[in-house]
Amino acid sequence: MYLYIYDSFLNDKKYSDLLIKIEKRITDLGIKGRITRLSVLKNMKELITDGVKEGVQTVVAIGNNQTFAKVINIVADLDVTLGLVPVDGGSPIAQTLGIPPKVLACDVLASRIIKKIDLGKINNHYFINSAEITNGDVVIEYNDYKVRPTTLDNKITLYNFGTDQLVADKSHPIDGILEAVITPIKGGVFGKKSMAGTVLPFTKIKIGSQAEDQVSIVTDEQIIMKTPAEVVVAPQKLKIIVGPDRLFE
Amino acid sequence: MFAKNQPIASQKTIETIIGPSVKVEGKFKGEGDLVIEGILVGDLQTKNNLKVGQNATVDAHIKANNAFISGKIKGNIIVKGKVEITGTAVILGDIKAQIISIESGALVQGKLNMPVTNISTDPDSVTPEETSAEPIKEEENELDKE
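Heads up: the sequence lines are chains A and B, in that order.
If you read the first sequence in our numbering, its first letter stands for residue 38, the second for the next number, and so on.
If you read the second sequence in our numbering, its first letter stands for residue 37, the second for the next number, and so on.
Just so you know, the hints here were simulated from the structure itself, not pulled from any lab data.
Virtual Cβ for every residue (Gly too), placed ideally from N, Cα, C.
Please note: incorrect hints may appear among the correct ones.
Here are some chain B residues pointing at chain A (derived, C-beta under 7 Å) [what the hints assert, rightly or not]:
1) Ile-53
2) Ser-57
3) Val-58
4) Lys-59
5) Val-60
6) Glu-61
7) Gly-62
8) Phe-64
9) Gly-146
10) Lys-147
11) Asn-149
Chain A residues, not near chain B, derived (Cβ > 12 Å throughout) [as the list claims (entries may be wrong)]:
12) Met-38
13) Asp-44
14) Leu-47
15) Glu-60
16) Arg-71
17) Ile-72
18) Val-77
19) Asn-80
20) Val-124
21) Thr-188
22) Pro-272
Make a model of the complete structure from these sequences and hints.
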């Protein structure tokens with residue numbers, strides 16, 4: 038049984054045509070299920086856990102990157118398969134998973150190529166793509182060694198799969214490894230520019246800071262966490278429907 | 037980066053890069069290829085290939101499969117295959133490898149050892165010769181001057 042969850046921003050009139058087309062395509066493909074629209078009064082976690090109790094085996098999130106980041110944190114610990122339907126073409130998560138935007142994503146759902154992919158976990162919060170620290174005054178502790186940036190301004194990104202040019206083509210969501218990429222930011226005449234970066238693969242690290250204020254970590258452009266934080270890889274944690282054009286095996 | 041006849045790591049193994057803006061302290065142990073452009077203090081061991089860039093500073097004993105060195109190293113180097121030392125390299129420590137190549141201009145202060153038998157870079161297989169090889173104290177000052 039399928040449970041389709043429409044994010045609350047899709048209640049806007051400009052998406053109604055698109056949603057009708059998606060519903061029609063889902064019906065044509067024979068993968069119809071229950072549809073729920075998120076709103077201020079409807080909580081995503083409740084909807085999914087109630088659905089699972091009633092026998093839902095596939096949860097399909099329709100929305101954008103932030104929708105996917107939210108739904109992943111709920112379904113990761115449940116025995117369900119996740120499907121995604123991006124309503125725009127700018128989702129790096131969908132691109133890596135080979136899911137085309139809008140109505141075309143329904144065909145991917147129907148083909149049901151299911152992969153178990155890794156997730157990153159910061160304290161108790163999962164992320165699928167990346168987590169970013171922009172105030173780079175941090176110390177990254179591995180088991181036997183510590184890494185600290187020597188420049189003032191740094192961007193530290195923890196990747197599950199690579200969208201950064203330093204790790205693209207090498208970092209995959211099924212390799213059981215996350216990558217920490219440290220990029221110094223130097224002010225130039227034409228704005229900020231990046232220098233050569235650092236790439237450190239890991240399965241478990243601790244991020245601390247010597248700064249007076251806690252350092253913020255933003256996961257999948259959505260949740261803000263604070264240091265100190267423990268980051269681990271959760272291997273093959275999420276069952277997800279992927280497309281044939283995905284960027285990994 | 038490395039000689040053609042040396043084993044190359046799988047394409048899928050991600051390369052570890054210690055960039056020029058980073059300092060690593062402690063016992064660094066890697067599985068894949070390792071590129072150092074920054075500072076490393078402690079111990080360094082990789083099952084694959086190691087590249088020490090021109091501006092890198094390494095204060096550590098090193099164990100690797102193959103090594104390509106252009107930067108400053110204070111500590112002993114044990115390499116299973118080939119060590120390639122370029123003209124910009126400064127090495128204060130002993131080198132043990134099956135093949136050692138040193139370009140003119142490089143500074144190496146220490147013993148060179150090229151055994152006929154295979155060299156083990158396993159962490160547990162440390163010979164008495166290696167354990168006694170502390171970073172050479174008398175040359176410390178020379179590195180500091182630079």
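Comparing the hints with the structure gives:
{"no.": "1", "hint": "Ile-53", "in the structure": "4 Å, holds"}
{"no.": "2", "hint": "Ser-57", "in the structure": "4 Å, holds"}
{"no.": "3", "hint": "Val-58", "in the structure": "5 Å, holds"}
{"no.": "4", "hint": "Lys-59", "in the structure": "5 Å, holds"}
{"no.": "5", "hint": "Val-60", "in the structure": "5 Å, holds"}
{"no.": "6", "hint": "Glu-61", "in the structure": "5 Å, holds"}
{"no.": "7", "hint": "Gly-62", "in the structure": "3 Å, holds"}
{"no.": "8", "hint": "Phe-64", "in the structure": "5 Å, holds"}
{"no.": "9", "hint": "Gly-146", "in the structure": "24 Å, violated"}
{"no.": "10", "hint": "Lys-147", "in the structure": "28 Å, violated"}
{"no.": "11", "hint": "Asn-149", "in the structure": "27 Å, violated"}
{"no.": "12", "hint": "Met-38", "in the structure": "37 Å, holds"}
{"no.": "13", "hint": "Asp-44", "in the structure": "33 Å, holds"}
{"no.": "14", "hint": "Leu-47", "in the structure": "37 Å, holds"}
{"no.": "15", "hint": "Glu-60", "in the structure": "40 Å, holds"}
{"no.": "16", "hint": "Arg-71", "in the structure": "40 Å, holds"}
{"no.": "17", "hint": "Ile-72", "in the structure": "40 Å, holds"}
{"no.": "18", "hint": "Val-77", "in the structure": "43 Å, holds"}
{"no.": "19", "hint": "Asn-80", "in the structure": "38 Å, holds"}
{"no.": "20", "hint": "Val-124", "in the structure": "33 Å, holds"}
{"no.": "21", "hint": "Thr-188", "in the structure": "4 Å, violated"}
{"no.": "22", "hint": "Pro-272", "in the structure": "15 Å, holds"}
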